[in-house]
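K.L.:
Respectively, the protein sequence lines represent chains A and B. Throughout, my numbering is defined as the position within the first sequence, counted from one, plus 13. Throughout, my numbering is defined as the position within the second sequence, counted from one, plus 13.
Simulated from the structure, these hints should not be mistaken for lab results. One or more hints might be untrue.
To be verified - No more than 25 Å apart at the CA atoms, straight line, and that leaves these computed lysine-lysine pairs for DSS-like:
1. LYS37/B to LYS142/A
2. LYS40/B to LYS142/A
3. LYS253/A to LYS234/A
4. LYS38/B to LYS142/A
As the list claims (entries may be wrong) - To give a feel for the contact side, a few chain A residues facing chain B, derived at Cβ under 8 Å:
5. SER153
6. LEU154
7. SER269
8. PHE273
9. MET302
10. PHE313
Using N, Cα and C, we set each Cβ at its ideal position, and we do this for glycine too.
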Amino acid sequence: MIALIIRRIFQSFIVMLTVALVAFTLFRYVGDPVSQMVGQETSIADMERMREELGLNDPVIVQFARFAWNTLQGKFGISYRLGRPVNELFVERLPATLELSLIAALFSIVVGIPMGVYTGLYPDRVLSKVFQAISLIGISLPTFLIGILLILYFGVILGWLPTFGRGEVVQLGWWSTGLLTVSGLKAIIMPAFTLGMFQLTLIMRLVRSEMMEVLRTDYIKFARARGLTNRAVNFGHALKNTLVPVITITGLQIGSIIAFAIITETVFQWPGMGLLFLQAIQFADIPVMSTYLILIAFFFVVINLIVDILYHVVDPRLRFDKAVAAG
Amino acid sequence: MKSVVRIQNSLHRFFDGDIWYSFKKSKVTIIAACVTAVFMLAAIAAPLIAPHTPFDPATLDLMDASTPPAWYEDGTAKFLLGTDDQGRDIFSTILYGSRISIFVGFASMVLAMTIGITLGLISGYIGGAVEAVIMRIADVQISFPAILTAMLIYGVAFSLLPNERHEDLVVWVLVLAIGLSNWVNFARTVRGSTLVEKNKEYVQAARVIGRRPTTIMFRHILPNVMGPVLVIATIGLAIAILTEATLSFLGVGVPPTKPSLGTLIRIGQDFLFAGEWWIVIFPGIALASLVLAVNLLGDWMRDALNPKLR
Numbered sequence: 014m015i016a017l018i019i020r021r022i023f024q025s026f027i028v029m030l031t032v033a034l035v036a037f038t039l040f041r042y043v044g045d046p047v048s049q050m051v052g053q054e055t056s057i058a059d060m061e062r063m064r065e066e067l068g069l070n071d072p073v074i075v076q077f078a079r080f081a082w083n084t085l086q087g088k089f090g091i092s093y094r095l096g097r098p099v100n101e102l103f104v105e106r107l108p109a110t111l112e113l114s115l116i117a118a119l120f121s122i123v124v125g126i127p128m129g130v131y132t133g134l135y136p137d138r139v140l141s142k143v144f145q146a147i148s149l150i151g152i153s154l155p156t157f158l159i160g161i162l163l164i165l166y167f168g169v170i171l172g173w174l175p176t177f178g179r180g181e182v183v184q185l186g187w188w189s190t191g192l193l194t195v196s197g198l199k200a201i202i203m204p205a206f207t208l209g210m211f212q213l214t215l216i217m218r219l220v221r222s223e224m225m226e227v228l229r230t231d232y233i234k235f236a237r238a239r240g241l242t243n244r245a246v247n248f249g250h251a252l253k254n255t256l257v258p259v260i261t262i263t264g265l266q267i268g269s270i271i272a273f274a275i276i277t278e279t280v281f282q283w284p285g286m287g288l289l290f291l292q293a294i295q296f297a298d299i300p301v302m303s304t305y306l307i308l309i310a311f312f313f314v315v316i317n318l319i320v321d322i323l324y325h326v327v328d329p330r331l332r333f334d335k336a337v338a339a340g
Numbered sequence: 014m015k016s017v018v019r020i021q022n023s024l025h026r027f028f029d030g031d032i033w034y035s036f037k038k039s040k041v042t043i044i045a046a047c048v049t050a051v052f053m054l055a056a057i058a059a060p061l062i063a064p065h066t067p068f069d070p071a072t073l074d075l076m077d078a079s080t081p082p083a084w085y086e087d088g089t090a091k092f093l094l095g096t097d098d099q100g101r102d103i104f105s106t107i108l109y110g111s112r113i114s115i116f117v118g119f120a121s122m123v124l125a126m127t128i129g130i131t132l133g134l135i136s137g138y139i140g141g142a143v144e145a146v147i148m149r150i151a152d153v154q155i156s157f158p159a160i161l162t163a164m165l166i167y168g169v170a171f172s173l174l175p176n177e178r179h180e181d182l183v184v185w186v187l188v189l190a191i192g193l194s195n196w197v198n199f200a201r202t203v204r205g206s207t208l209v210e211k212n213k214e215y216v217q218a219a220r221v222i223g224r225r226p227t228t229i230m231f232r233h234i235l236p237n238v239m240g241p242v243l244v245i246a247t248i249g250l251a252i253a254i255l256t257e258a259t260l261s262f263l264g265v266g267v268p269p270t271k272p273s274l275g276t277l278i279r280i281g282q283d284f285l286f287a288g289e290w291w292i293v294i295f296p297g298i299a300l301a302s303l304v305l306a307v308n309l310l311g312d313w314m315r316d317a318l319n320p321k322l323r
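Next comes chain B alone, as it looks inside the complex:
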């Protein structure tokens, strides 16, 4: 019973708070949140809601190939957004594609966040030579575009791995590549906030009662620097999804056998000249609206969590 009351209380506090208030006030943010939620749910439930299983060759029929969307004369209600050159239903491939895009985006953002928070806390709290080394590495890395770093990690990882393992590991290699190329923003922000927090009284108190540095860093300081981290994480998610899509589009990402949104656009590009625009445009719209929605959420969060603007 006690825990129910506690949950009720905290829910109450949340809905009374100014973050919820600023959320309710902004229509754009509500729409963005809905779009994001729809994408997340669709990605999770893709096998349940997809009308076809596009990557099972047994269900494909070449007779269905290159069907235009349903509202065209040649289209059928069976394939709402048309089919590609192998008769795969575009709507279903988008559902499965978003699943991979969102998974890679999320996992690499979490990896970048973990690395960034850890290094940021260490360099902010310990300081000295450790800090200097970490921050110099960050400086050098941030002076290159993240996508270039990601490509390089991808290329190196694959020249080290045996050829026959590539297809199984490609998703994880992408997570690693994108994660490792985006940690710097997290680290810089966390370090900055840690420098402020570590001189506050609660940290001194924790030190006086003899808590270990790791406990102080992760149990005491970390919860107090999470606000800005959440903002960066949301925008970082949009960046990660976009990076994955770009890499897959360039052909250094997810292979066509289990395509993400970026791979779908890459495949569809070849059919533009035949006038089969739906193969590329619909995955494109899906990707753009997903990224736009997450970006708008991030923008709102930055304003809502910024104490200066309250």
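Okay, chain A solo, but in the shape it has when bound:
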């Protein structure tokens, strides 16, 4: 177990190093950092001095080491577009994106698993067919279109929910939360639904197919033969055994939720990191782009690591196999 964790951490480290290298290459070679920072009138001699001060004349390896060291300390440079330190910008935006992603993930799990269980248990009922149709639409409709349709119906026609922004936010230290005010809660409903919809269909389809597979196995038949209640068989035996792949996929999807938040944030003008990244792309704001890249990679790596470890905790067979192989 410990050997596995160490190996995984080492792999994650390699991935982070690769991403940092890509980010560094962007930072250093796409556009000239000095000419981005100075005005029109700066003389060539001044620019040369700045180059020397910033260490851009040092060997590439030294520069990369310095870049990595700064990144570890949270010094990501200064945004070309906004002229402010990048880490300040991200600290401001991070809570919005994380709250949105978390609510979306919770929504997709809490709704998706029961829908999957139901369609798996009763594949021929009308409601199951309805769920299946919804899931097909959820996969084929682009996220932004779902968002726009929601805005049109609940925002414009009915006028029930706000169509953009986060509503009122409350500051808890550096963390700004919209979950404590009524307007904030109202504002998060549509974005979270939009963002969670794709994950919901994915989870539902996965649970459904896993359930159908598990229900055919001998131990389920045996459990029924023992006279256990339907409830005990369906939830205690069947659902429990479908959860391993569900945990894996759901866990890995949390990373994509954070990345796909870019789209939802644009539709609803949600002031998160995604919107910041998108504006950075349009203005070729390299420090913001590379920081976002590193941050997202970090989220992905950490989530993958946790999922891998959980996998071994949840599934006793994996532990057992390892023990047998080792012994």
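Since the structure of chain A is provided, determine the placement of chain B on it from the hints.
P.N.:
Chain B alone, transformed into the frame defined by chain A:
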């Protein structure tokens, strides 16, 4: 004459085969194929069938701006699906928009397929360190959502290109960005099939008679691994069209001067609050039905070509 007979024979074989049979049996698939075909034809023939030329400013009249669809009281039969704020006919913009969407989708899918097949064949057939390097790169890339990679490539490409060239090159940059971010699935599948094929006798025979490795890979192995590749290519087309639409919607894709379906939806979003829903809903329906149809075709193909389900 001989070639006619041969074509007749192969057609005969196709219509007798079980792939055609499973196609005929599934109504949903037939509808999906029809929808896809209509879109492809409409895209190719857009200049011929479009009632207006929406991107020629000379033909536009601001008096026609924001006309609702024809079945509304204020609508006219001249503009079937209404017009946008500049008096452009929505139906015509959808035709021209699908043209760009389908072109970008197709071209980037072909690029992804070419890269994926080549790298997959090489890593499967040659193996060793080459394989390890290619597959590790694939692992790292697949752990990020493709759309993020595409955005990043787009951003980098444009900060490298001079500003005045952006508009001419944008379609190609998109093809490159989407193509480069979707090759991994092709490569993994082809590698897997190649690993199986390369130990078969026909490959050994080809090796014994001294054929070059590239010939063996592309002439002998490739035709035998094309089945799964076709399935991935169909689903890949849907993904590519969707990715292009999303990027254009986000404003990092095709510019409004020559809009794709995604750009049309982006433009139309601003008019939602004025109640002019048709500017955004019709391109949206077009995009969704196109993607749904291609996805359904892909689903059918996966089942039809899967030997386990036959």
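K.L.:
Evaluate each hint against the coordinates.
P.N.:
Now for the hints, and whether the structure bears them out:
1. As the CA atoms of LYS37/B and LYS142/A are separated by approximately 23 Å, the hinted pair is consistent with the 25 Å bound.
2. For the hint pairing LYS40/B with LYS142/A, the CA-to-CA distance comes to about 17 Å; that is within 25 Å, so the pair holds.
3. Between LYS253/A and LYS234/A the CA atoms are separated by roughly 16 Å; this keeps the pair inside 25 Å, and the hint holds.
4. For the hint linking LYS38/B to LYS142/A, the alpha-carbon distance of about 20 Å falls within 25 Å, and the restraint holds.
5. The interface hint given for SER153/A holds, since its Cβ lies 4 Å from the closest Cβ of chain B, which is under the 8 Å cut-off.
6. Interface restraint check: LEU154/A against chain B, minimum CB-CB distance 5 Å, threshold 8 Å, status holds.
7. Interface restraint check: SER269/A against chain B, minimum CB-CB distance 5 Å, threshold 8 Å, status holds.
8. The restraint placing PHE273/A at the interface with chain B holds, with a minimum CB-CB distance near 7 Å, inside the 8 Å limit.
9. Hint status for MET302/A: holds, given a least beta-carbon distance of 6 Å to chain B, under 8 Å.
10. Because the smallest distance between the Cβ of PHE313/A and any Cβ of chain B comes to about 6 Å, under 8 Å, the interface hint for this residue holds.
The structure is consistent with each of the numbered hints, conforming to all of them.
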